[in-house]
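*Asks:* Protein sequence lines, in the order shown, are assigned to chains A and B. First residue of the first sequence? That's 183 in our numbering, and the numbers climb one at a time after it. First residue of the second sequence? That's 183 in our numbering, and the numbers climb one at a time after it.
Treat the hints as calculated values from the structure; they're not laboratory data. Keep in mind that a hint or two might mislead.
Claimed, not checked - Here chain A is said to cover these stretches of chain B; the calculated rule only asks that three of the stretch's residues, wherever they fall, bring their Cβ under 8 Å from a Cβ of chain A:
id, segment
1, 209-220
2, 251-261
3, 299-306
4, 426-436
5, 489-499
6, 558-564
Claimed, not checked - Some residues of chain B that are not near chain A, with every Cβ distance over 12 Å (derived):
id, residue
7, F416
8, R512
9, L515
10, A516
11, A519
12, T673
A virtual CB, placed ideally from N, CA and C, is assigned to each residue, including glycine.
Chain residues, written in single-letter form:
Protein chains: 2
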Amino acid sequence: MMNGAQVLIRTLVGAGVDVCFANPGTSEMHFVAALDAVPAMRAVLALFEGVVTGAADGYGRMADRPAATLLHLGPGLGNGMANLHNAMRARTPMVNVIGDHATYHKQYDAPLESDIEGYARLVSRFVRTTQTPAALAGDALAAIAAANGPPSGIASLILPADVSWLPAGEPAAAPPRKPAEPVAASTIDAVARVLRSGKPAALLLNGGALRERGLLAASRVAQHTGAKLLCDTFPARLERGAGLPAPERLNYLAELTTAQLKDLAHLVVVESRAPVSFFAYPEKPSYLLPAGCEVHELASPAHDSSAALEQLVEALGAGATPPQLQPTQRPELASGALTAEAVGRAIGALLPEHAIVADEGNTAGVFTGWLTAGAPPHSWLCLTGGAIGQGMPLATGAAVACPERKVISLEADGSAMYTVQALWTQAREALDVTTVVLSNRSYAILNMELGRVGATPPGPRALSMLDLSRPTLDFVSIARGMGVNAARAQTADEFNRLFQVAMSERGPQLIEAVL
Amino acid sequence: MMNGAQVLIRTLVGAGVDVCFANPGTSEMHFVAALDAVPAMRAVLALFEGVVTGAADGYGRMADRPAATLLHLGPGLGNGMANLHNAMRARTPMVNVIGDHATYHKQYDAPLESDIEGYARLVSRFVRTTQTPAALAGDALAAIAAANGPPSGIASLILPADVSWLPAGEPAAAPPRKPAEPVAASTIDAVARVLRSGKPAALLLNGGALRERGLLAASRVAQHTGAKLLCDTFPARLERGAGLPAPERLNYLAELTTAQLKDLAHLVVVESRAPVSFFAYPEKPSYLLPAGCEVHELASPAHDSSAALEQLVEALGAGATPPQLQPTQRPELASGALTAEAVGRAIGALLPEHAIVADEGNTAGVFTGWLTAGAPPHSWLCLTGGAIGQGMPLATGAAVACPERKVISLEADGSAMYTVQALWTQAREALDVTTVVLSNRSYAILNMELGRVGATPPGPRALSMLDLSRPTLDFVSIARGMGVNAARAQTADEFNRLFQVAMSERGPQLIEAVL
Chain A
183 MMNGAQVLIR TLVGAGVDVC FANPGTSEMH FVAALDAVPA MRAVLALFEG VVTGAADGYG
243 RMADRPAATL LHLGPGLGNG MANLHNAMRA RTPMVNVIGD HATYHKQYDA PLESDIEGYA
303 RLVSRFVRTT QTPAALAGDA LAAIAAANGP PSGIASLILP ADVSWLPAGE PAAAPPRKPA
363 EPVAASTIDA VARVLRSGKP AALLLNGGAL RERGLLAASR VAQHTGAKLL CDTFPARLER
423 GAGLPAPERL NYLAELTTAQ LKDLAHLVVV ESRAPVSFFA YPEKPSYLLP AGCEVHELAS
483 PAHDSSAALE QLVEALGAGA TPPQLQPTQR PELASGALTA EAVGRAIGAL LPEHAIVADE
543 GNTAGVFTGW LTAGAPPHSW LCLTGGAIGQ GMPLATGAAV ACPERKVISL EADGSAMYTV
603 QALWTQAREA LDVTTVVLSN RSYAILNMEL GRVGATPPGP RALSMLDLSR PTLDFVSIAR
663 GMGVNAARAQ TADEFNRLFQ VAMSERGPQL IEAVL
Chain B
183 MMNGAQVLIR TLVGAGVDVC FANPGTSEMH FVAALDAVPA MRAVLALFEG VVTGAADGYG
243 RMADRPAATL LHLGPGLGNG MANLHNAMRA RTPMVNVIGD HATYHKQYDA PLESDIEGYA
303 RLVSRFVRTT QTPAALAGDA LAAIAAANGP PSGIASLILP ADVSWLPAGE PAAAPPRKPA
363 EPVAASTIDA VARVLRSGKP AALLLNGGAL RERGLLAASR VAQHTGAKLL CDTFPARLER
423 GAGLPAPERL NYLAELTTAQ LKDLAHLVVV ESRAPVSFFA YPEKPSYLLP AGCEVHELAS
483 PAHDSSAALE QLVEALGAGA TPPQLQPTQR PELASGALTA EAVGRAIGAL LPEHAIVADE
543 GNTAGVFTGW LTAGAPPHSW LCLTGGAIGQ GMPLATGAAV ACPERKVISL EADGSAMYTV
603 QALWTQAREA LDVTTVVLSN RSYAILNMEL GRVGATPPGP RALSMLDLSR PTLDFVSIAR
663 GMGVNAARAQ TADEFNRLFQ VAMSERGPQL IEAVL
C-alpha cells in the first residue's frame with residue numbers, strides 16, 4: 183500500500199497540481215522520497231522559503247492553476263509568509279503542504295514545535311491538519327478545491343510526519359473544477375442604467391477582468407458610454423501592449439489618484455473595490471473617491487467577470503462599438519547617462535512579444551510602465567500586497583509556468599536583497615529570466631515617504647537608514663555567486679547592448695543598471 | 183511636545199534598550215526621523231527582517247538585556263518569524279516595535295493590512311497595540327518589563343503610524359528590573375535528598391545555569407554526589423573552555439542521547455526539562471529518559487538558577503569539593519586535505535580568549551565542538567529552535583553587543599543561504615565577525631535524516647532535492663558582493679593560514695572552507 187506521501191503527491195498530480203516549489207526538512211523527507219515514485223510531479227528546490235512561496239505565486243498567476251509548496255513546520259511557513267501575504271492579495275491559487283511533527287510527537291514540545299495552523303490562518307482561505315492517513319486523499323482534494331475556488335486563493339494542508347510515512351490507501355480523483363458564479367441579470371441591468379445616466383462614471387478593473395476578453399468588453403462599454411476605464415494600482419496580472427485596450431492604472435500616490443477619480447459620480451468595480459490610500463498620511467484622506475460618488479459592484483472575484491462585462495456590452499447595445507486598442511509604439515533607445523528612463527526605453531524598445539514582466543522596480547521603475555505600453559502584447563505582474571521581496575521569486579515561478587516566454591524581472595536594489603536566493607533556483611532550472619536591478623543605492627521610496635508622512639526634516643542618522651551605499655551592493659558578484667551570468671551597465675549604451683543580448687539568448691541573466 | 187516616536191525611543195533608552203535593529207518602511211518613518219533627536223539609540227540597518235530578529239537574539243544573549251527591533255507591519259514581522267521562533271526558544275529578552283497603519287486607516291483593508299497581533303502572538307510572551315499617544319510610554323514600559331522578565335522573553339509592541347506622529351507627552355522612567363524568584367528551601371532539600379540517595383542521577387542544565395557561576399556550583403554538586411553533569415543539546419549560550427566545568431552536551435541523535443541517559447533513576451533539571459527527540463522517527467521513542475527515571479525541577483527560567491545551585495552545594499555540604507575544570511588543551515593543526523575535522527582543529531588551535539562562537543555548522547560542525555573544548559574561555563551560541571538561518575544574524579548581534587570580542591560565525595552552506603544578507607550589516611557596521619562557511623554543497627543533514635526516518639531508498643529525484651552543487655554556491659563572490667572580504671580554502675593549510683590571519687585582524691571576513 184502507498185504511504186501518505188505517495189497518496190498526496192498522486193492526488194495532487196491527478197488534480198493538475200504537478201509542480202511543487204520546495205524547501206524541505208526532516209519532517210518532509212517521506213514526501214521527498216516519494217518524488218521518485220511519481221515522476222509527473224516536478225519538484226523545484228529553493229534555498230529559502232520566501233522564494234518557494236513567491237515562485238508558487240508567479241506560477242499560479244501565469245498557469246491559472248495552483249502549484250504546491252513544500253514547507254518545513256511553522257518557521258518554514260513563517261519565512262514564506264510575506265510572499266503568501268502578496269499571493270493572498272493576488273488571489274493566487276496555491277496549495278501549501280506544510281510538514282509537521284508526527285501526531286504523537288507534538289505533545290513533547292520539541293524545539294521546532296509551533297502553532298502551524300495559527301501561522302497558516304493568517305494567509306490562507308483553507309487550513310486543515312490531516313490527522314490520519316485515511317483522511318489524507320480527501321483533505322488534499324478539499325485543499326485543491328479551495329485553492330481553485332472560484333474565488334481562487336491559498337489553501338494550507340498540514341501534514342504530520344506519521345501521516346506521511348504510514349500506509350494511506352489510494353489517491354483520490356478530483357471532481358471537475360467548480361465554475362464561476364454567473365452575475366445576476368438584475369445586477370447587469372442596474373450597472374447599465376448607471377452608465378447610461380450621463381453622469382461621470384468609471385469602470386475599475388482587477389482580477390480576471392484584466393485578461394484580453396475582459397479588457398475588450400470593458401473597452402467597448404467605456405467607448406459606448408463615455409466612462410473612464412481604470413485598473414487598480416497593483417494588479418496580480420495585467421495583459422497589456424499593442425492591440426489590447428489599455429486601462430489607466432490608478433497611481434500609487436494618493437494625491438494623484440484623487441485627481442484621477444475627481445468628479446466621478448459612479449464607480450463600477452469589477453473584481454475590485456473603492457480605492458484607498460496605500461498608507462495613511464497626516465491630514466490626507468485614506469478614502470480616495472470624491473464625496474457622493476456611488477460604488478456599484480458588477481462582479482466579485484467569485485464571478486466570471488469577463489462574461490459579466492460581455493453581458494454588459496449586450497445590455498448596453500455596445501456590441502458594434504469598437505474597443506479602443508493600444509497602438510504599436512516603441513520608444514527610441516537612449517544614449518549617454520544611464521537613468522531609470524533610459525532603462526525603461528530599452529525595455530520598451532526591445533521587449534519580446536509574449537514576455538512576462540515581474541515588476542518590483544518601485545520608484546526606479548516608474549518610467550518602464552508607460553515606455554512599454556505600446557510594446558507587443560505581454561503580461562505584467564505587480565506587487566499585490568506591498569511586501570517587498572516578491573519580484574525575483576515571482577519571476578522564477580512565472581518562468582516555470584511558461585517556459586516558452588521570456589521573463590523580465592525588474593527589481594529595485596533594496597527589494598532585490600530580500601529574496602535574492604531566487605537567482606540560484608533560476609540557474610539550477612535554467613529558467614529564461616533576465617533580471618534588471620535598478621541600482622540607485624537607496625531605499626529611494628522611503629526618502630520620498632519620509633517627506634510625505636510629514637516627518638521632521640531628516641537628520642543624518644535618519645537618512646543613513648535609507649542609504650544602501652555603505653557598502654555598495656555588487657549585484658554582479660552576488661549573482662555570479664549563485665551561478666547566474668551577470669554584467670554591469672553604467673551608461674545607457676552599455677545597458678542597451680546588454681539588454682539586447684539578454685533578449686536574444688535564453689537562460690538566466692542579471693544586468694545591474696547603476697543609476 | 184514630543185511625538186510618539188520620540189517618546190518611545192526615549193523611554194526605551196531610559197530603560198537600557200539602546201540598540202535597535204531595523205528594517206523600516208513607510209509606517210515607521212517617524213521612528214526613523216526621531217533617531218536624530220535621540221542619539222543614545224543606536225540604529226543598525228539590515229536588508230532583511232530575518233537578520234533584524236536574529237541579530238536582536240544574538241545581542242540579547244550576550245548583553246543580557248533587550249535590543250529593540252523595528253519591523254514593517256505583518257509581512258515584515260513575518261520575515262522575522264523564524265528567528266523569533268529561535269529567540270523564543272532561547273528565552274532571549276527582546277522588544278519588537280512593529281509599525282502598523284494609522285488607527286483610522288485600518289478599516290480600509292489597504293494592501294499591507296494584516297492581523298499583526300496574530301503574527302506576534304505566535305512568538306511573543308507580550309503583545310500590545312498602542313491605541314493612543316497617551317498610552318505609549320506606559321505600553322513601552324510594560325513591553326520592556328515583559329522582555330526582561332524573569333523569565334525573559336519576546337515582547338511585541340505594535341505602533342500605529344498616527345500614534346507615532348501625534349504629540350505624546352513625555353517619556354516614562356523604567357522601574358528597577360524585577361529580581362528572579364528564589365527557589366524554595368524545600369525544593370533544594372528535596373533535590374539534595376535525591377542526589378544523596380545513591381541511585382544513578384544526573385543534573386541537566388540550561389539557561390542561566392550555563393554561566394560560570396552556575397557551572398561551578400553544578401560541578402561541585404556533581405563531584406560531591408557522583409551525579410552526571412549534562413547540558414541540553416542546543417543551549418542559547420554556554421560558557422565553556424579551559425578553566426570552566428564542562429557539562430556533557432546531549433546529542434542531537436536520539437539514539438545517542440538515549441545512551442547518555444541510560445540507567446538514570448533521577449534527573450534534576452535546571453531551567454530545562456525531560457529530554458525529547460528533536461524529530462519523531464518511525465519505531466523510535468520520542469521521550470528519551472529510561473522508564474522509571476524521575477524528573478525533579480530545581481529551578482525554572484523564572485528562578486536565579488545559579489543561586490539555587492549554590493544553595494544546593496550548601497545543602498549537600500559540597501562547598502569544599504573542588505569543581506572539575508576543563509584543562510587547557512589545543513589540538514594540532516591539520517595538514518593536507520580540508521575536512522570538517524581540519525576546520526575544527528584550526529578553530530580549536532587558534533580561537534582567541536573570550537571569543538564568541540555562533541554555531542550553525544550543523545553536520546559539518548560536529549568536530550568543532552570537542553576540538554574547541556580546551557581552548558581559552560569563550561561563549562558558544564546554539565540554534566535553539568531548529569529554524570536554520572539563525573547563525574549569521576546571531577553573530578551580527580553578538581558582535582554589536584560585545585565589540586571587544588572576536589565573533590566566529592560557523593555556518594553550513596545550506597543554512598548560510600537563508601539570511602546571508604547579514605554580511606552586509608557586518609560590513610556596514612565594521613563588526614569583528616569571521617564567518618566560516620563549511621561548504622559541502624549539500625543539505626547533508628537531510629541525507630542523514632532521509633535514512634533515519636526510514637524513507638524508501640532514495641532515487642535520483644529525491645537526492646537532487648538535497649544537492650546544492652548545481653550550480654555551486656560561490657560564497658567568496660556572494661560575500662564580496664556585500665562588501666565583506668572573503669577567501670576560499672581548499673586545503674587544510676590554506677584554511678589554517680586564512681583563519682590565523684582572520685584571528686589577528688579586526689573586521690568582517692568570510693572564509694569558504696570547501697570540504
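*Asks:* Minimum C-beta separation from L515 of chain B to chain A exceeding 12 Å: can you confirm that?
*Replies:* Answer for L515 of chain B: holds, closest chain A Cβ roughly 29 Å.
*Asks:* Verify this for me: three or more residues of the segment 251-261 of chain B with a beta carbon less than 8 Å from a beta carbon of chain A.
*Replies:* With 5 residues close enough to chain A, the hint holds.
*Asks:* When you look at the beta carbon of T673 of chain B, is every beta carbon of chain A farther off than 12 Å?
*Replies:* holds (22 Å)
*Asks:* Beyond 12 Å on every Cβ pair: is that true for A516 of chain B relative to chain A?
*Replies:* holds (27 Å)
*Asks:* Can you take a look at whether the segment 489-499 of chain B is actually covered by chain A? Rule is 3+ residues, C-beta closer than 8 Å.
*Replies:* violated (count 0)
*Asks:* Hey, does A519 of chain B actually stay past 12 Å from chain A on C-beta?
*Replies:* holds (24 Å)
*Asks:* With a Cβ-Cβ cutoff of 8 Å, does the segment 558-564 of chain B contain at least three residues near chain A?
*Replies:* Since three or more residues must qualify, the claim that chain A covers the segment 558-564 of chain B is violated, with 0 doing so at under 8 Å.
*Asks:* According to a criterion of three or more residues whose C-beta lies within less than 8 Å of a C-beta of chain A, is the segment 209-220 of chain B covered?
*Replies:* holds (count 9)
*Asks:* Apply the coverage criterion to the segment 299-306 of chain B and chain A: a residue qualifies when its Cβ sits closer than 8 Å to a Cβ of the chain, and three qualifying residues are needed.
*Replies:* With 4 residues in contact (Cβ-Cβ under 8 Å with chain A), the coverage given for the segment 299-306 of chain B holds.
*Asks:* Would F416 of chain B pass as off the interface with chain A, using Cβ distances and a cut of 12 Å?
*Replies:* violated (7 Å)
*Asks:* At a Cβ distance under 8 Å, does chain A reach at least three residues of the segment 426-436 of chain B?
*Replies:* Not satisfied, violated; 0 residues make the cut.
*Asks:* Mind verifying the non-interface call on R512 of chain B? Its CB should be farther than 12 Å from each CB in chain A.
*Replies:* holds (32 Å)
Hints 4, 5, 6, 7 from the earlier list are contradicted by this structure; the remaining hints agree with it.
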